[in-house]
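Student: Here is how the chains run, residue by residue.
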Amino acid sequence: MSEIKKEAPDSENTASRRDFLKLTGALAGAAAVAQVAITNKAAHASSGGEEGHGPQWGMLIDINLCIGCQYCTFACEAINNLADDMKYCVVTTETTQSGEEFFLSRPCMHCQEAPCVHVCPVRATFKRPDGIVAMDYTRCIGCRYCQVACPYDARVFNWRDPIELSPQSPTFGLQEVDNRPRGVVEKCTFCTHRIDPGLERGLVPGIDPQATPACVVACPTTARIFGDLNNPESPVSVALSEAKTIMRLREELSTEPHVYYIPPQTDNRFQGS
Amino acid sequence: MQTTIHYPKLRFGKKYVDIFPYWIGLLIIGVLFGLVGAFVVLRDGLQVTGLSNKVPWGLWISIDLSSISLGGSAFVFGVIVYLLRIKRFEIVGKLAVLLGFLGYSTAGMVLLFDLGQPLRFWHPIVFWQVHSLLWEITMCVVLYLTVLVAELLPVIVELPFFEGHPLHEKYPIIKKAVELAKSLSHWLHKIGPVLAVIGLTLSLLHQASLGATYSVLYGRGVWFNQSAPTQFVFSAMSGGTALLFFMSVIIFRVMRPGLVKDDVLYDVARIAGGVTLLLTYLRLWDWAVTNYYSFDRNITLQTEALNAIAPYSMAFWLGQALLPAIAGALLLSAKSVKNFRYLMTASVIPIFAAILTRWNYNFAGLIASSTYDPYTPVIRVSSYAPTWVEFAVASLVISYWLLAFSFAARYLPFKSSHKEH
Chain A
1 MSEIKKEAPD SENTASRRDF LKLTGALAGA AAVAQVAITN KAAHASSGGE
51 EGHGPQWGML IDINLCIGCQ YCTFACEAIN NLADDMKYCV VTTETTQSGE
101 EFFLSRPCMH CQEAPCVHVC PVRATFKRPD GIVAMDYTRC IGCRYCQVAC
151 PYDARVFNWR DPIELSPQSP TFGLQEVDNR PRGVVEKCTF CTHRIDPGLE
201 RGLVPGIDPQ ATPACVVACP TTARIFGDLN NPESPVSVAL SEAKTIMRLR
251 EELSTEPHVY YIPPQTDNRF QGS
Chain B
1001 MQTTIHYPKL RFGKKYVDIF PYWIGLLIIG VLFGLVGAFV VLRDGLQVTG
1051 LSNKVPWGLW ISIDLSSISL GGSAFVFGVI VYLLRIKRFE IVGKLAVLLG
1101 FLGYSTAGMV LLFDLGQPLR FWHPIVFWQV HSLLWEITMC VVLYLTVLVA
1151 ELLPVIVELP FFEGHPLHEK YPIIKKAVEL AKSLSHWLHK IGPVLAVIGL
1201 TLSLLHQASL GATYSVLYGR GVWFNQSAPT QFVFSAMSGG TALLFFMSVI
1251 IFRVMRPGLV KDDVLYDVAR IAGGVTLLLT YLRLWDWAVT NYYSFDRNIT
1301 LQTEALNAIA PYSMAFWLGQ ALLPAIAGAL LLSAKSVKNF RYLMTASVIP
1351 IFAAILTRWN YNFAGLIASS TYDPYTPVIR VSSYAPTWVE FAVASLVISY
1401 WLLAFSFAAR YLPFKSSHKE H
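These protein sequence lines map, in sequence, to chains A and B.
So in our numbering, spot 78 of the first sequence is number 78, and the numbers just go up one at a time.
Here our numbering = 1-based position in the second sequence + 1000.
Derived from the structure by calculation, the hints contain no laboratory data.
All figures in this text were calculated on a predicted structure; none of them were measured in a lab.
Warning: the hint list may mix true and false statements.
Simulated DEER-style distance windows between Cβ atoms [unchecked claim]:
id, chain 1, residue 1, chain 2, residue 2, range
1, A, D136, B, S1382, 25 to 31 Å
2, A, P170, B, L1204, 53 to 59 Å
3, A, Q265, B, P1311, 41 to 47 Å
4, A, G99, B, W1388, 42 to 48 Å
5, B, S1382, A, P197, 50 to 56 Å
6, B, L1180, A, E200, 57 to 63 Å
7, A, T93, B, A1329, 50 to 56 Å
8, A, L199, B, I1191, 55 to 61 Å
9, A, D136, B, K1182, 42 to 48 Å
10, B, L1318, A, G99, 38 to 44 Å
Cβ atoms here follow ideal geometry from the backbone N, Cα and C, with glycine treated the same way.
Assemble the whole structure, with the sequences as input and the hints as a guide.
Tutor: Put into structure tokens, the structure is as follows:
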């Protein structure tokens, strides 16, 4: 019986990272600076106007506001009924070039050009018109190609039968979606089960908590902002246009994530654009 | 025409013993052990394996890729026999079809266990996602397996059982079935060239796609490689033909002497040798392009990380460059070497190299993969160790391969049929 390794880096992991840091600091630095500089333009160009009509759901995570409390992770676990080793959203401690630590909270990126959508042999993973990368759990054959293809490690395979009650329930909420069968790959849904019925009831995702992803609602510091990227008035669009710098993860892969970040401002090198 | 088959015997003191029953007994034990593992994995799911979210593809995928590659001789010889119409390879071609069938059916079997939802194995056939390489591979493998069955049937009906057996008179239904199989195989033999073209197309498509499955994943450093699909095709031709040579010597030279001329066997060895050299040449250029003439941070760091935990670079230089070059040269000069022991030893190397390539390719990108953090991405080294269940299922499919091959080697006549036409 095998235990799945924990997603979050532990202390020994961090130590090995440091070793690598010494090895590659200069190179990684050069790549990352270029990445951040380019991103702001690219992000603004691609936010808004995608798919033309209808909403395009997206998220902005302000790294400066994130305190690493993991409430987003716990709320996600509770409403999706996940065990601790099945996290859709993970919070890790990362470092800037200058060695300052920050928390990186990572849901599914809901990429515009999602590698997982392209590789799925049965179209179990698909891109919804509103930009959400969704899954049909009755169609997934469990080949795990999407997991191998995802550059963000956002996919989790359901190794076991569904659990009775998530360890984060009821503290962080109660199960809101059906259990997935053993043997399929799972992912963050941007809480489509809240967005879709919410829209029918005339609610606005990103503003009304009942129609907003659980991780956004649970965040005590409002580090996460959700909304329609196509609507310039939506909270996420306003925040994106007000942000000095924004970035997306692994921009160089051209996956065009729908999740944006405001990079840590502690390091002066990354201020302004 | 009746072929006499010599069964190899081992000498114990003064007694000569036919070890066939013991060998079969051993394989049956392998199958039974495997069935236990198969039962456990079907009952409890993939949690009984050593796979994880970091390393989701392991031993079974490596076996799947390897067994498909070692079936590569089927399409090479399908073309040689049916399209180029080189008659002297006809009998060897039958063995190639058998090896192809065994390779592909083994792969299909092991993949079934590797799926999280084995009962949904048919989904790719119904729910098409034409952009997915895995979809294309599934379709090709299903179709090609059909072609191989069609090509294999004429070989099977050569069994003495189909010529006349007391059971035929006792049960008319068996007689009917035998007659049907015979007329079907006669017709299939006639459309052989068509099957060969379809087989070639399907084979080239998916042997390449197996490499492309990994090489299109641009977030994975060493996997993202333009020449991997070509390498996979040539490595399947090289490993597959080398296996065909090895098995041909056993089946035709040892067990059915006189059926196939030595010169034909030398030619098979020369084909294997030629392709092996071509592959080695391709590989060296690939190495030069990805590691010497260009600099990719990810690939460099991955290689470094892999070298820290395993002899990764050495495995390449020794197992995929130096030894195949020597073995390829030796096999290519088979007509001067004229020593089957040397040639068989040499032919083991391309077989081993084909397996090593796939093994390395699968694990390199999974064991050492890049993290996604924005400023200081590093290469994360994950570990994977197969559990007994994975070894059991491996034993099941490998025993199946050997069992089917052993029976075929002992009982199939491999008659020459071109005299009939």
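Student: Looking at the structure, which of the earlier hints fail to hold?
Tutor: Result: hint 5 breaks, nothing else.
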